[in-house]
Amino acid sequence: MRKRNRVFGHTLTIYLRLLGVQLRSQLQYRFSFLLDLLATALIVLVEFASIALVFGRFGSIQGWSLGEVAFLYGMVEMGFGLMDLLFSGFDPPHFGQAVRRGTFDQLLLRPVNITTQVLGSALELRRLGRIAFGAAIFAYGLQHTAIVWTAAKVLYLPLVLAGMVFFFGGLFMIGATITFWTVDSIEVMNILTYGGSYVISYPMHIYQNWLRGFFTYLVPAIFLNYYPALYFLGRPDPLGYPGFAPFLAPVVGAGMLLLGRAAWRWGIRHYQSTGS
Amino acid sequence: MDVTMLRNRLSQTAAERVQVPAVRLFLALAGRSLQRHLTYRAAAVAGLVTNFFFGLVRIAVLLALYGQRQEVAGMDVAEVVTYSGLTQAIIAYISLFGWYGLTDTVYSGEVATDLLKPLNYYTFWLARDAGRAGAALLLRGVTLMVAYGLILEMRYPAGAGQWLAVAVAALLSWLIAFSWYYLINLSAFWTPYARGICRFGFVLAWLLSGFLMPLRFLPEWLVRLAYLTPFPHLVNTVVEIYLGLLQGPALIRALLFQGVWAAILIVAGQLLLKVAVKRLVILGG
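As they're listed, the protein sequences go chains A and B. Using our numbering, the first residue of the first sequence is number 27, and each one after it goes up by one. Using our numbering, the first residue of the second sequence is number 150, and each one after it goes up by one.
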């Protein structure tokens, strides 16, 4: 047991040191970093503004106010942004490049856990801009909704965020594993990751059945944000799922991460390199 | 050696040898580029699937906003569906999500040989982008519109005159878009961090072009602000002409505005390049 703890401690030290390297290298060019940070934040701001600005004309989106949409939207920007920051190394286009160039093979030769190395191989700090503006949108949502806060809700909120980080992180791992064979990232994964995060930024009862069904049964993203939001906002469930549905977020997230880990481990065992 | 000097000397000797009209060079470059981009059909299909999917979700959101309303700000349901399809179809054609081709060559040094070519630097890039845009229009634009047309109720231009106007507007839209990207890409001559600067230029275009939402849905002050920039002529003008929302004098005026903006951006690009080239230092090796 003690030995295992020591190994874990060692791995953690290496992970933190790798992140430190990323941090230093990206902060080397301060101006560049600042611009990238602002541009990334601006993307979030502009996209949300486009919704907010037309809301005046429409009043609501099938019964949901702008504040309630901001709650959903802000949660996704924070959750997905955090995931994008932590799992940058597994981002399929980025990882595919490592497979293509053979730099991934170098990592395999090092006597350190491969997952740790990939996680530490990139840390897209500019995502902090996205997270910060996501938090601002979320704060706007809180101001314009009358959430009755209870201890349970306060404790559950971070778990919902963790659910999203795990869920999309798991999808990133699956996407990265696929590049072992396709070399390039496959576009279908974008539909699940970026498409999924886009779909769950809106109250999901607005979608047609096929679309909602896809993100309920095939990729259960509906439980990550929409159902928790129903619970936080104290709204009745228009779809009639069991009462525990709002509390599935961490379970669904952890499940996807485990699936991603299993795929990744299987992929590593069968990886044959591109020879470049 | 100073790049301008080298260029002058080389172009003189080149001029003595052969006189190839710029138009022929342009067409040859555009043709090659078109061929090259038509080769990546699998990538185009993959991109198509994503564009198609996002379009459907955007339509769902817009229709949910419409709710029971039949018409909002002069756009009915079929028109707003067509708007969504068109905006998705135009993404690849005018590289709405970003183009950093020129900045990459500045950092790799290729820019030196490109500047020596016996063709105006802007025209050289325009030709290459013409091929890319043509391929994108065929593989991703038209296919996407056909796919949406098969499953959704959409509007189409009425008659040859309107189709012609759409074609002219789409051509000018590409010219404006490219000239704008060229302009912001030139920032690479000044800074090693052009990507961040360029990203600003793209994000602004998303909102002000009417790509994220039809401009008529936005508050009036913002629309007025948008029309002080070239951006509405990237997407909104094309869409409104396609839907027949601009007719007669309004249509002519819109096309004229597009032409003027294209001219302004092209001239600005030529002037900026003159300053930029003076700053360029190419390292040997």
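No wet-lab data here; the hints were simulated from the structure. Hints should not be assumed to be uniformly reliable.
To be verified - Here are a few chain A residues that face chain B, going by a calculated C-beta distance under 8 Å: (1) L61; (2) V72; (3) S76; (4) I87; (5) I173; (6) W175; (7) L237; (8) L259; (9) D263; (10) Y267.
Note that CB positions come from ideal geometry on N, CA and C, so glycine has one too.
Legend entry - Hints violated by the structure (numbers, ascending): 5, 6, 8, 9, 10
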